[in-house]
Amino acid sequence: MQMADLPDSRGHFGPYGGVFVAETLVHALEELVEQYARNRNDPGFIHEFEDELTHYVGRPTPVYHARRWSEKVGGAQIWFKREDLNHTGAHKINNCIGQALLAKRLGKPRVIAETGAGQHGVATATVAARFGMECVVYMGSEDIRRQAQNVFRMKLLGASVVPVESGSKTLKDALNEAMRDWVTNVESTFYIIGTVAGPHPYPMMVRDFQSVIGKECLVQMPQAAGRQPDAIIACVGGGSNAMGIFYPYLAHEHVRLIGVEAAGEGIATGRHSASLTAGRPGVLHGNRTYLLQNEDGQIRETHSISAGLDYPGVGPEHAWLKDNHRAEYVTITDDEALAAFHQCCRIEGIIPALESAHALAHAAKLAATMPRDRILLVNLSGRGDKDMNTVAERSGLAFQCRPGGEPATRAQ
Amino acid sequence: MNRIDATFTRLRAVGRTALIPYVTGGDPTLAVTLAIMHQLVEAGADVVELGVPFSDPMADGPVIQRASERALAQGVGLKDVLQLVADFRRRDALTPVVLMGYANPIEAMGAAVFAERARSAGVDGVLVVDYPPEEAAEFAALLELHQLAPIFLVAPTTPAARLSTIAALARGYVYYVSLKGVTGAGHLDTADVARHLAEIRRSIALPVGVGFGIRDAASAQAIAAHADAVVIGSRIIQEIETGPPDAAAERAGGWLAGIRAALDAVRKEAA
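Protein chains in written order, with the working numbering: chain A, 24 to 435; chain B, 7 to 277.
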């Protein structure tokens, strides 16, 4: 069996994935598996999906040669896949369009979602408005406090935002609460999961919808750069933007696939979100995967400067790719990501999401060790407008003030 | 014969509905849980379901989540709950104890190690909420090897075809979740429960317990007319969390005794 043929019919990627949910949800998931199988290869569904991506989302997004940055780093050529240019500012909407179209076909008038930073919540609220669906977004009360602007955006788009007060009051608890809603309202409700995690078929389905990213790169890179890249680099929280760009390249064995996890304040401090690097396999949120957990099997609280990477698990396909060495997983700290964020702003005129800045930071590190004729492709998964407050606070700057220092030297 | 089968056989002979309370191990403390367990048995519990605290109890409503959080705040984990069962066994060699929890703490301990320790602590059955039968074949076999009963949930949404999958692995009893939703939710439709139970019994020969939504004598009586066992969780946790911890056992036992009396009254009339 080829790696790209996974998962099996029950959602397993080797020992990972699966359907680890209470009996109350099994039927809904079986229905979804069946419905997705019926639609994924249906020309009508594919046409509708692609049409929305073209005319509503604004695809294809370009690949862009970051010439000035490559020059300053003085090694491999760095290219960006510009997912930040999508409608709503990140890759998240690709998946939301796909799932909302499925919800429509299933006749479900209500969609729910979990969100951490609010990006997936905003994307879900957006498509719900677009398709005339009721939308409820679960968000940890701690995240609501940190991401007030995205909360306002969701409300503008007509969604209800429900604060989650249980557990650590962050993304994982929002996911628990969305699952509870789904169990209770399963007949009327479609649960739009935002990443390649959760019970089967979500990891496969979200990957499939996001793989439009990699499919475009397969065509664009030979046209724009003359050939496929030597390595592809993407940040990994749950891992949807990474799976989206990795998946079409799985069979291209000469292309290195590198996932970048959040090392937060450093792996040794314990304050990080690097599940693949520092976690152990276990079961959470419907699938078996690498988890940050204590000795008793309790899920640990996590940390990252970027709320989108702040999650104790990771998609099961990444766990499988790690064990099989098809992909490599590395880490970048808060400080390194922040430095790359400033560089990208000042050298390329692009304000990246802090999540994407992790991938950028690793790309700059790696490029410096490689010859100039090599090509690195970074998935610039989102724009950084949402991160203005975090960056101002973390950089110790007043909101109005211009970050000082020469960009080229800041990174060293 | 194991304690669960022996209990249901004995109850069936006298026409009595099994009463199965649920408490979370370590809520409010391990010592108080031990006292509560004994008190519940004295009040008429036939089986005790003991919850293993987990940081992410996805299938539980707010009441049992709070119980889990209180236990976790004291660092109570799976190995403490196993010790709690061993402590319970010093005074009670007869009442079956069923552990109820989530997969990850068990996998963190190692399923084989867990099964061995559970057996030697005196556990009789294990319900892992997020192990549906499709993911549980190996684990169920391991439990059986250690004479532990794998307990499974059946939901209103479980299609008839899946009941035989569940029947193939389940031992002891099956636990019918009478409501869509999480523990402690909403109201109960008895006629609907009766319909589903009839369907379940066509595929599964084991006793059927019904839980989720049973809050008082009336709802317990209504369910007892159709079920072999009545399972009560959230309502008992509410007794435990309302008032001083050192009187929690009396409150929980006192409340359960009322349910016991109500169930026995119905059985006597029916007999």
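Quick caveat, the hints were computed from the structure, so don't treat them as lab data.
Certain hints may be false.
The list that follows gives simulated cross-link-like pairs (lysine to any residue, SDA-like), each with its CA atoms no further than 20 angstroms apart [claimed, not checked]:
1. K238/A with R133/A
2. K178/A with R133/A
3. K238/A with A174/B
4. K85/B with R133/A
5. K85/B with K178/A
6. K85/B with R303/A
7. K192/A with K85/B
8. K192/A with L241/A
9. K192/A with E75/B
10. K85/B with Q246/A
11. K85/B with E318/A
Beta-carbon label-pair distances, calculated as ranges [stated by the list, open to error]:
12. P38/A with V272/B: 32 to 40 angstroms
13. T196/B with N317/A: 36 to 44 angstroms
14. R207/B with I69/A: 52 to 60 angstroms
Only a predicted model underlies this, so the values are computations on that prediction, with no experimental measurement involved.
Beta carbons: idealized from backbone N, C-alpha and C, even for Gly.
Tested hints:
1. K238/A with R133/A: violated, 31 angstroms
2. K178/A with R133/A: Holds - the C-alpha atoms of R133/A and K178/A are around 16 angstroms apart, at most 20 angstroms.
3. K238/A with A174/B: violated, 44 angstroms
4. K85/B with R133/A: violated, 42 angstroms
5. K85/B with K178/A: Given that 20 angstroms is the threshold and the Cα spacing comes to 45 angstroms, the pair is violated.
6. K85/B with R303/A: Distance ~19 angstroms between K85/B and R303/A Cα, so the pair holds.
7. K192/A with K85/B: It is violated: about 26 angstroms lies between the C-alpha atoms, which goes past 20 angstroms.
8. K192/A with L241/A: violated, 40 angstroms
9. K192/A with E75/B: The hint holds at about 13 angstroms.
10. K85/B with Q246/A: Answer violated: K85/B to Q246/A is near 59 angstroms, above 20 angstroms.
11. K85/B with E318/A: holds, 11 angstroms
12. P38/A with V272/B: 32 to 40 angstroms: violated, 49 angstroms
13. T196/B with N317/A: 36 to 44 angstroms: For N317/A against T196/B, whose Cβ atoms are near 43 angstroms apart, the range 36 to 44 angstroms holds.
14. R207/B with I69/A: 52 to 60 angstroms: Violated, since R207/B and I69/A (Cβ atoms, about 45 angstroms apart) do not stay within the stated range.
Of the numbered hints stated above, those contradicted by the structure are hints 1, 3, 4, 5, 7, 8, 10, 12, 14, listed in ascending order.
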